[in-house]
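Q: Using the sequences and the hints, build the whole thing.
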Amino acid sequence: MTQYTLQAHRPSNRCLWEGRRVALKVASGAGDLQTCTGKPRDSKMVEWTDFERATIVDIFSKMQYEVVGPAALARCLIVYPWTQRYFGNFGNLYNAAAISGNPMVAKHGTTILHGLDRAVKNMDNIKATYAELSVLHSEKLHVDPDNFKLLSDCLTIVVAAQLGKDFTGEVQAAFQKFLAVVVSALGRQYH
Amino acid sequence: MSLNSKDKAAVKALWGKIAKSADVIGSEALSRMLVVYPQTKTYFAHWPDLSPGSEFIKVQGKNVMGGLGLAVSKIDDLTTGLMELSEKHAFTLRVDPSNFKVLSHCILVELATIFPKEFTPEEHLSYDKFFAAVARALSEKYR
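So the protein sequences, as listed, match chains A and B.
Under the working numbering, the first residue of the first sequence carries the number 109, and numbering increases by one thereafter.
Under the working numbering, the first residue of the second sequence carries the number 6, and numbering increases by one thereafter.
Don't read these hints as lab results, they were simulated from the structure.
All the given hints hold, so there is nothing to weed out.
Capping the alpha-carbon separation at 27 Å, the derived lysine-lysine pairs in DSS-like fashion look like this: (1) B:K67 x A:K273; (2) B:K22 x B:K122; (3) B:K134 x A:K257.
This structure is a prediction, so every number in the text was calculated from the model and none was measured.
A: Below you can see the structure in the form of structure tokens.
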């Protein structure tokens, strides 16, 4: 969901029209939509319960990065083929088997998954932690932020397959909340 | 993004396995949805016990999977095949169609936990398309 708001009388050099990625859907108890407004007033931190923190740390401490990362990225490229637009130089992506066996996909999948480590280590300031990466994805890579959600859905499915019945509803809620916060942070610097 | 013959074959292939544990999958997916997306509880406010394993969840889960089984059998013409269910969701239940996506996601997650090997990326692709097609058919009568 994207909303564009007119920001008038900003005490800065900013352009009046600012595109903002809205609707961080927090998949936990409150389930309220949280809206990102202007930067000076947007200081509300994401609150994590002890269970959520412990769950995220636990999942990543047991993570098999070289299995899950490649599987998640490959799945994304297969299930949502339009995401292949960002990987024109990755060689053979012609079918599911080619994608799953592609070494560049595997390497990049691992890289992306390790990219989540910094969020795990800085859960109280994910927004600032990803500011640079957000600029990179916007200015250099030109990735549509909707793709972040697609990849995080695929990552959820792969982790679910790994954990089986241990991936309870509560664990899923915590994991999806974590990914939603990361996705929001990555989309933050787009303009 | 309509279903091609490959998708239909993939859906039917895995459905054979799913049908054997349909009741469990349905109630687990529903419980999962109520926990991960608490706003969906608003549709069940008239029912006191929404805890996992409750009678209500079991019955509802069975209903949902029954509906999906019907959809599999009518996969060649979902709009016609699901017309009655569409009317029910549109006029009686009045479920916001965005929730179809949410429940679909929870069923996909449940399938991944129960069938980690069989739920390959190709199966995932076909089921994602299938659930989207079912959601479209269910939304048909809304307006």
